[in-house]
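Number of protein chains: 2
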Amino acid sequence: MIQTPYLLFLGDAPDGLAAKVAQGINDWRPENAVGQFRMEGCGADLGIANMTLEEGIAAGAKTLVIGVANRGGVISDAWKEILVKALTLGYDIASGLHNLLRDEKELMSAARVHGQTLFDVRIPSVAYPIANGKKRTGKRCLAVGTDCSVGKMYTGLCMDTEMQKRGMKSTFRPTGQTGILITGGGVPLDAVIADFMAGAVEYLTPDNDADHWDHIEGQGSLFHVSYSGVTMALIHGGQPDAIVLAHEPTRTHMRGLPDYQLPTLEALRDMVLPIARIANPDCQIVGVSVNTQKLNEEDAKACLADIETRMGLPATDPFRFGAEKLVDALEAI
Amino acid sequence: MIQTPYLLFLGDAPDGLAAKVAQGINDWRPENAVGQFRMEGCGADLGIANMTLEEGIAAGAKTLVIGVANRGGVISDAWKEILVKALTLGYDIASGLHNLLRDEKELMSAARVHGQTLFDVRIPSVAYPIANGKKRTGKRCLAVGTDCSVGKMYTGLCMDTEMQKRGMKSTFRPTGQTGILITGGGVPLDAVIADFMAGAVEYLTPDNDADHWDHIEGQGSLFHVSYSGVTMALIHGGQPDAIVLAHEPTRTHMRGLPDYQLPTLEALRDMVLPIARIANPDCQIVGVSVNTQKLNEEDAKACLADIETRMGLPATDPFRFGAEKLVDALEAI
Numbered sequence: 001m002i003q004t005p006y007l008l009f010l011g012d013a014p015d016g017l018a019a020k021v022a023q024g025i026n027d028w029r030p031e032n033a034v035g036q037f038r039m040e041g042c043g044a045d046l047g048i049a050n051m052t053l054e055e056g057i058a059a060g061a062k063t064l065v066i067g068v069a070n071r072g073g074v075i076s077d078a079w080k081e082i083l084v085k086a087l088t089l090g091y092d093i094a095s096g097l098h099n100l101l102r103d104e105k106e107l108m109s110a111a112r113v114h115g116q117t118l119f120d121v122r123i124p125s126v127a128y129p130i131a132n133g134k135k136r137t138g139k140r141c142l143a144v145g146t147d148c149s150v151g152k153m154y155t156g157l158c159m160d161t162e163m164q165k166r167g168m169k170s171t172f173r174p175t176g177q178t179g180i181l182i183t184g185g186g187v188p189l190d191a192v193i194a195d196f197m198a199g200a201v202e203y204l205t206p207d208n209d210a211d212h213w214d215h216i217e218g219q220g221s222l223f224h225v226s227y228s229g230v231t232m233a234l235i236h237g238g239q240p241d242a243i244v245l246a247h248e249p250t251r252t253h254m255r256g257l258p259d260y261q262l263p264t265l266e267a268l269r270d271m272v273l274p275i276a277r278i279a280n281p282d283c284q285i286v287g288v289s290v291n292t293q294k295l296n297e298e299d300a301k302a303c304l305a306d307i308e309t310r311m312g313l314p315a316t317d318p319f320r321f322g323a324e325k326l327v328d329a330l331e332a333i
Numbered sequence: 001m002i003q004t005p006y007l008l009f010l011g012d013a014p015d016g017l018a019a020k021v022a023q024g025i026n027d028w029r030p031e032n033a034v035g036q037f038r039m040e041g042c043g044a045d046l047g048i049a050n051m052t053l054e055e056g057i058a059a060g061a062k063t064l065v066i067g068v069a070n071r072g073g074v075i076s077d078a079w080k081e082i083l084v085k086a087l088t089l090g091y092d093i094a095s096g097l098h099n100l101l102r103d104e105k106e107l108m109s110a111a112r113v114h115g116q117t118l119f120d121v122r123i124p125s126v127a128y129p130i131a132n133g134k135k136r137t138g139k140r141c142l143a144v145g146t147d148c149s150v151g152k153m154y155t156g157l158c159m160d161t162e163m164q165k166r167g168m169k170s171t172f173r174p175t176g177q178t179g180i181l182i183t184g185g186g187v188p189l190d191a192v193i194a195d196f197m198a199g200a201v202e203y204l205t206p207d208n209d210a211d212h213w214d215h216i217e218g219q220g221s222l223f224h225v226s227y228s229g230v231t232m233a234l235i236h237g238g239q240p241d242a243i244v245l246a247h248e249p250t251r252t253h254m255r256g257l258p259d260y261q262l263p264t265l266e267a268l269r270d271m272v273l274p275i276a277r278i279a280n281p282d283c284q285i286v287g288v289s290v291n292t293q294k295l296n297e298e299d300a301k302a303c304l305a306d307i308e309t310r311m312g313l314p315a316t317d318p319f320r321f322g323a324e325k326l327v328d329a330l331e332a333i
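Top to bottom, those sequences are chains A and B. Under our numbering, the first residue of the first sequence carries the number 1, and numbering increases by one thereafter. Under our numbering, the first residue of the second sequence carries the number 1, and numbering increases by one thereafter.
Treat the hints loosely; a few may be bogus.
Remember, identical chains collapse to one label, so a pair may be satisfied in a single copy or spanning two.
Keeping only pairs whose Cα atoms sit at most 16 Å apart, straight-line, the calculated EDC-like set for lysine to aspartate or glutamate is [said to hold, decoys possible]:
hint, residue 1, residue 2
1, Lys105, Glu297
2, Lys134, Asp259
3, Lys62, Glu266
4, Lys165, Glu266
5, Lys135, Asp259
It is worth saying that the hints were derived from the structure and are not from the lab. Small disclaimer: the values here were computed from a predicted structure and weren't measured.
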């Protein structure tokens, strides 16, 4: 686990979008961030306290989290100077960048000298087991999408937040880099070796109290030919009791695959349920999470109403209109 | 690609079963093996010429293939001495062992000095792309199983052999260690990073002549929760035109998963076809390959007849009774 709280490194982000990892941490776990560190000319601003590295330490920060994409995929000399200083001051550093902290000699050497840890969350640090398929105690919910990037992570985070609010036992279980940095732990599933994918999901969602819910972050889509194997491993390793269908109604084709049409929610339902019941015969589809960010409020509500009628399932945009309906459905199980 | 022909290293195999990789090479590509190298006390014998390392070189061998499992997962000193000598004499070495040749200092150093290559086929040597899902020219056939280890590799090899016999254009495309050592190339799919699985299968089965068939080696099973993600990636990366269902009728539970029952062939058919048609809307199920090795001839034939009636598809044990029916079905497409 990455130690919290964090100081969020925004570097020289040209704009807010480049700092979306930091934004995610601040949106979902504001208590995990003591402040933000911005370099000169930084175009992103989370609206939280600006701190120097020294001020971050004084505020209790344990880890400097790189919450920004690096330009051109290179860790610049300007960044490196700051990161080395952070290690010197006693920070660990965590990063989801494609190029790894551990491949930078100066950083490795400073980490070694000062006894600090570099977390490259893009690659696994655990030798995951092969899945054994054994029924585990506790309950699990998984969002599966008609496509990639339709809001599965936000669905899980919203449902977890709503459950916490109700005093229910609930944990968000990240399977991607952003989710791991938000919570401090998880499995970077897309980087796991094929044979161990389902085992990694079992490892992530172990036995738990009978009334505890894991919200497993979904990945890919059964209908996305590039990543469907990852989705399959999530379903069989996660053995969910409840599935939420996730959808973005304005997509014109599968993400990155212009020749592939999106499936209907009905087609997704009909495919996923027999697959999920191999691992958990009691699995149910409990609702639909619709990412309506590209619709105005009236259209969004009409879209949700239409889906509820067609599917006979509660439908909401949990980020926009709240996750109550979806959590109600889980409570009813 | 691993250079052929091979000298097959049987080492100190206690029995024939321990040398099943060598057996597979000799069964399927006898032209790839100039002879066998047996250590004192070797209990395996392929019935081909016994050769010293020097005799193998004289017979034209380019690669010493480790065709035997190592006892206790350790490359013994006795083996190492022979392998170093082989490198000195000008052999490459290829291995599917769990522990890697490249992790043995003496072997790496001898390979470097003598300019030879160590092939650890258990791990990928290529940075595979992410799958793009584009329709490729040529035809592809994939065996999908009700369970793991039900004869999918043998099905592909039998069909390839039958096609060659008929003068059809055909290539067997290995996705596992044994298959790779048999043919000299392929993709060790179970060791590929999750995000690149489907892309590795696309890489393995590129554009080809319109009347050429790839026989893609199947892996895992959609119904085997430990490995179903790998199977999914094979179906979506392979975009098969034809699927053969593979089955072992005497299995009492899924391999390694005592709590999981085998699906029926009907359940497999109903699940795989909608999945396959995402990547290839024209995909058809063309037949059933039944591994009848545990049945006597009468029972085997009764089992095949029953499956043909139930499924309305040609059924055969291609290794025992020939692959004609399955290849006829492909010719009819």
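To see whether the hints hold, each was checked on the structure:
no.	hint	verdict
1	Lys105 x Glu297	neither (51 Å within a copy, 66 Å between copies)
2	Lys134 x Asp259	between (39 Å within a copy, 8 Å between copies)
3	Lys62 x Glu266	neither (47 Å within a copy, 56 Å between copies)
4	Lys165 x Glu266	neither (32 Å within a copy, 46 Å between copies)
5	Lys135 x Asp259	between (39 Å within a copy, 9 Å between copies)
The structure fails to meet hints 1, 3, 4 from the earlier list, while all remaining hints are met.
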